[in-house]
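*Asks:* Given next are the chains, with one letter for each unit.
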Amino acid sequence: MTFPRLQRRILLYMAVVVIALWVLVPLVLIALAAFTPRLELYRWPKTIIPSAFSSATMSFFLRSYGTVSSLRNSVLVALLTLGMTLVVGAPAGYAVARYVFRGREAFRLGILMTRMFPTSLLAIPLIVTFIRWELYDTLIGVAFMHTAMALPFAVLITSGIFSGVPKELEEAAMTLGCSRLGAFVRVALPLALPGLAAAAMFTFVISWNEVFAAAILTVHNRTLPAQVLTSLEVAPLDFRFAGGFFMIIPAVIFMALARRYLFQMWGGAIAER
Amino acid sequence: MNRTQVTRWLVSEKVLPYWLILPTLAYVAAFFLVPLAQALLLAFRTEGGQWTMRFFVRMVEDVRFFDALKFTLILVAIVVPLQLVTALSIALLVNTRFRGSRSFLYICAIPLGISDLAAGLIWFSLFTQHGYVNSFLYTLGLIDKPIYFLSTQNLGWVVGSIVLAEHWRATAIVLVILVAGLQMISRDYLEAAEVFGARPWQKLWHVTLPLLKPSLQSALIIRTILALQMFAVAVALGGRLVPVLAGEAYYWYYLYRNANVASAYALFLMVISLLLAWGYLRFLRPREVRS
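As they're listed, the protein sequences go chains A and B. With the working numbering applied, the first sequence has no gaps in its numbers, which climb one by one up to 273 at the end. With the working numbering applied, the second sequence has no gaps in its numbers, which climb one by one up to 291 at the end.
Next up, chain A with everything else stripped away, as it sits in the complex (with noise of 0.2 Å):
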């Protein structure tokens, strides 16, 4: 009986880590090609491993016409849908993790029926909109934008959030003479802390990655994404590979730090509808 589980095992693992390579083995590939020398990229056959290391097709990308003022404006976007997307969304997600009220169930399927918007049908009316507000071609509207994009994320997550603090904290504060405030305040709030930073991390990557309405909605004032997209046609190689790497590391990195959370906030809030 051992043999056959010993062999079990042994498939589990080569099932594992030949899924798991599928997965890293492009990462690796393109940080490799981020930072081979610029001339060794045009080389064939090239080698998977460069011969030296090189920083100047980071240093080319960063240097290109644009890519710094986009950068800062892809920062700048992003904080601005975290803020307003916290703001409006976190207060929404307090009501429907705490009250049993009339209606929660309907305003729960219409945030999720959000969901079947196309990008496309929010982006190209607002064009219209955003000239008329005067909002075309700026920061904050895209940041409008994207906060309508990541709103039902955020709010759907912080319900789950806080659905994890547990109530009776809460009454005992106010029984204690704490004021309804007071006691999320003090109580709900500190306690839910980390989940709200991990939610708004995501809602960080979310606006980060867009680049359809980012790339419709500016022209002057683009996001990195757009900068990229709109430079493909006429970017070289280098340009691209340097520009994929640079758009995944803080995706990456967020990712890594709110790991603990994926699963309660994503998973949770879509699989139980």
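Careful, some of the hints might be misleading.
Claimed, not checked - Straight-line distance between alpha carbons at most 20 Å, and here's what the computed EDC-like set of lysine to aspartate or glutamate pairs gives: (1) B:K203 - B:E191; (2) B:K14 - B:E47; (3) B:K14 - A:E170; (4) B:K70 - B:E47; (5) B:K14 - A:E233; (6) B:K14 - A:E105; (7) A:K167 - B:E191.
Stated by the list, open to error - If you want a taste of the chain A side facing chain B, the calculated C-beta under 10 Å gives, among others: (8) Y42; (9) V68; (10) R180.
Simulated from the structure, these hints should not be mistaken for laboratory data. The structure presented is a predicted model; accordingly, all values stated were derived computationally and were not measured. Where a beta carbon is used, it is the ideal one built from N, C-alpha and C, also for glycine.
Starting from the structure of chain A, add chain B where the hints point.
*Replies:* Chain B only, in chain A's frame:
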């Protein structure tokens, strides 16, 4: 009621939740319903205010329209089932709780944070003329000159590389939903099946999968809707060689500055999304549990 009573009622625990969801409701109304109305106006009305089908006619008569529709549907039809099978296999693997399964799960979830554009560029570095795949095949002695994977002559390869990139990038979201779904299944059912002598695949087919059906349905709907909007991956790998519907919406505005036809494309995409979602809900309804 006098004034103080009204004030007290307005801040009572009964009314409080409505105040809390009000900002979200207002925001959703402003940024979903207004754009929807605006899109209808853009797509069905001329500058002069006359109702027209002209923009839809222009969309359908465009040389790229049927290609875009065809490629979008082909990509969705290949990518989504592939992702479902891959994610389900990984989720079941993780669910055996082997040593290191948590780290394995995190590794598989990394692409969750990677944008479509970046994923497209990553796979571009593999499939480009002097890319890693060509160099690797050459080193193995399988080819003597590079294959032009991403060119007009090899549209099949372009589609294939888009499938690979999209599969690599977005399987994680399906995985996360399925892992969460599996965790909600009580072990009691599986133990009961074991008592009755069920073999592993019987447990999978008759217990796990039926109980997982709601999660599978959610994952299927979400992935299909997102895959229909596929855009940056296709652009990064093939430019406009393989046109897709979302890409055409983008180009109609970005290149031709025509928000009317672009809106027509966006509405068309929305209609397809709704039809498919409705189809899934209608035909994949979880069987009612009879008591």
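*Asks:* How about Y42 of chain A: closest beta carbon in chain B under 10 Å, or not?
*Replies:* holds, 6 Å
*Asks:* Within 20 Å, alpha carbon to alpha carbon, are K14 of chain B and E105 of chain A?
*Replies:* Status holds; Cα separation ~16 Å.
*Asks:* Between K70 of chain B and E47 of chain B, is the straight-line Cα distance small enough, at 20 Å or below?
*Replies:* Outside the cut-off at roughly 31 Å; violated.
*Asks:* For K203 of chain B and E191 of chain B, compute the direct alpha-carbon distance and say whether it is at most 20 Å.
*Replies:* Holds, at about 9 Å.
*Asks:* Please work out if K14 of chain B and E233 of chain A have their alpha carbons no farther apart than 20 Å.
*Replies:* violated, 57 Å
*Asks:* Is the Cα-Cα distance between K14 of chain B and E47 of chain B 20 Å or less?
*Replies:* violated, 48 Å
*Asks:* Need the status of pair K167 of chain A, E191 of chain B: alpha-carbon distance at most 20 Å?
*Replies:* violated, 34 Å
*Asks:* V68 of chain A was flagged as interface toward chain B. Is the shortest Cβ-Cβ separation under 10 Å?
*Replies:* Since chain B brings no Cβ nearer than about 18 Å to V68 of chain A, farther than 10 Å, the hint is violated.
*Asks:* Tell me if the straight-line CA distance from K14 of chain B to E170 of chain A falls inside 20 Å.
*Replies:* Between K14 of chain B and E170 of chain A the Cα gap is close to 17 Å, so the pair holds against 20 Å.
*Asks:* Hold the hint about R180 of chain A up to the distance rule: shortest CB distance to chain B must be less than 10 Å.
*Replies:* holds, 8 Å
Violated hints, in rising order: 2, 4, 5, 7 and 9; the structure is consistent with all others.
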